[in-house]
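**Q** Sequences are here, hints too, so could you generate the full structure?
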Amino acid sequence: MNLKRAELDVLFVGSRKMKIMNNRYRAENTATDVLSFPQYNSLKELPKDMDYLLGDIVVNIEHPSLDASFDHIDRLLIHGLLHLTGYDHEKSPRMAAKMFKKEEELLSAIKKMGGEC
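With the first letter of the sequence shown counted as 1, position 102 gets the number 102 in this note's numbering; the numbers rise by one all the way through.
These are calculated hints, taken from the structure and not from any lab test.
We put the CB at the ideal spot given by N, CA and C, even for glycine.
Subject to a maximum C-alpha distance of 20 Å in a straight line, what follows is the list of computed SDA-like cross-link-like pairs (lysine to any residue):
id	residue 1	residue 2
1	Lys101	His89
2	Lys111	Asp74
3	Lys48	Leu3
4	Lys4	Ala109
Restraint-style ranges between C-beta atoms, simulated for each label pair:
id	residue 1	residue 2	range
5	Met113	Asn41	30 to 38 Å
6	Lys98	Lys44	15 to 23 Å
7	Glu7	Ala109	15 to 23 Å
8	Arg16	His72	19 to 27 Å
**A** The structure is reproduced here in structure tokens:
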């Protein structure tokens, strides 16, 4: 998967707004930690010869699980990015394991590059 031409939007919201969004788009009446909204239904639809918007990631900065560390924020952004690229931990335990393994790989790569993780 080549995401060199991809752009994404990140929105930070509070718990009240996140609960409204989670209810509207997932029929869940709770304030989750992160939501992702892909621009495309499939990665096969991504333009090959131009920049494109991959989608939106919404992070709840008031979620109880969120500490102020960069590690946790990085993890949520990576989690959202993986959803935008087709990973879905809610589909099956196998997909969940694959997704969480990829999260760890990406966090490790960021640390090696001198990131905040």
